[in-house]
Amino acid sequence: MTPVLAFLGCGSMNGSILRGVLASGVPVEQVRATVRSAESARRLEDETGVRPYVTGDDPEANRRAAREADVVLLGVKPVGILDLAREIAPALRPGTVVASVAAGISVGALERALPAGQPVVRTMPNTPSSVGRGVVSVTPGAATGPEQTEAVRQVLEAVGTVVEVPEEQVDAVTGVSGSGPAYVFLLAEAMQQAGERMGLPADVARVLAKETVSGAGELLRPAEADPAALRRAVTSPKGTTDRAITTFQDNGFEALVASAARASADRSAELTREFSGD
Numbered sequence: 002m003t004p005v006l007a008f009l010g011c012g013s014m015n016g017s018i019l020r021g022v023l024a025s026g027v028p029v030e031q032v033r034a035t036v037r038s039a040e041s042a043r044r045l046e047d048e049t050g051v052r053p054y055v056t057g058d059d060p061e062a063n064r065r066a067a068r069e070a071d072v073v074l075l076g077v078k079p080v081g082i083l084d085l086a087r088e089i090a091p092a093l094r095p096g097t098v099v100a101s102v103a104a105g106i107s108v109g110a111l112e113r114a115l116p117a118g119q120p121v122v123r124t125m126p127n128t129p130s131s132v133g134r135g136v137v138s139v140t141p142g143a144a145t146g147p148e149q150t151e152a153v154r155q156v157l158e159a160v161g162t163v164v165e166v167p168e169e170q171v172d173a174v175t176g177v178s179g180s181g182p183a184y185v186f187l188l189a190e191a192m193q194q195a196g197e198r199m200g201l202p203a204d205v206a207r208v209l210a211k212e213t214v215s216g217a218g219e220l221l222r223p224a225e226a227d228p229a230a231l232r233r234a235v236t237s238p239k240g241t242t243d244r245a246i247t248t249f250q251d252n253g254f255e256a257l258v259a260s261a262a263r264a265s266a267d268r269s270a271e272l273t274r275e276f277s278g279d
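Each number in our numbering comes from the position in the sequence shown (counting from 1) with 1 added on.
Please keep in mind that the hints were generated in silico from the structure rather than gathered at the bench. Fair warning: this is a prediction, and the values are worked out from it, not measured in the lab. Mixed in with the good hints, there may be bad ones.
Heads up, simulated SDA-like pairs for lysine to any residue below, C-alpha to C-alpha not over 20 Å straight-line [claimed, not checked]:
id, residue 1, residue 2
1, K78, R222
2, K211, Q194
3, K211, L221
4, K78, G96
5, K211, R222
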């Protein structure tokens, strides 16, 4: 039987997951949602067929949605996640799984905001989830069983690949995949700028950079694809690519990427302490 899913807040990330779930075949009747305004409700219903509860009109909206759900996804801004969890706490059934899709909210903080023994899952999605190509980590709480973790995993698989990690690795996940799309965009931006400096028209340099990066991503898509093997396959000894790669490496490319990922992970830890009080 398909579980009832509640999406509390339907902004960029939670809205993407909701749309992915519907596209995967989950019936509209099994989906609950909340939004802040009647206008947002009309847009969501027109696009998806889901009729959301409006929190701006109904103070019970979030609790109504949560009361009917088997899986609840909290999708408001990180600063509001724990208040939302406390708001819905009285309405939850004991077995309902509560998952946060916001950065910086620890398992412990979520558990403390909810009734004792409530199953919870911390997740770390990334922006390609909006086009069904994301990667999302899941970290279950102490009271969350394998079947409940699997229920959340199945929801999130509608928007990409799901990996399970212990909580001490969530900051590293943020450094690699949470912030990672921006690293790729920065590379494409730098490639475009390099082309322009070498005399290419801006529009041509832009197309070359974008299509090269997105096309290389497609080559990485198969499960068996290995980044190092793909790089070696297109790097002929003493050729043009070999000279470019050597230039990258001689200038500390790997160390720079490692430093950037560590900086992201460190900031993730800081935000978790700020938002979760851990």
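Enumerated hints in conflict with the structure, sorted upward: 1 and 4
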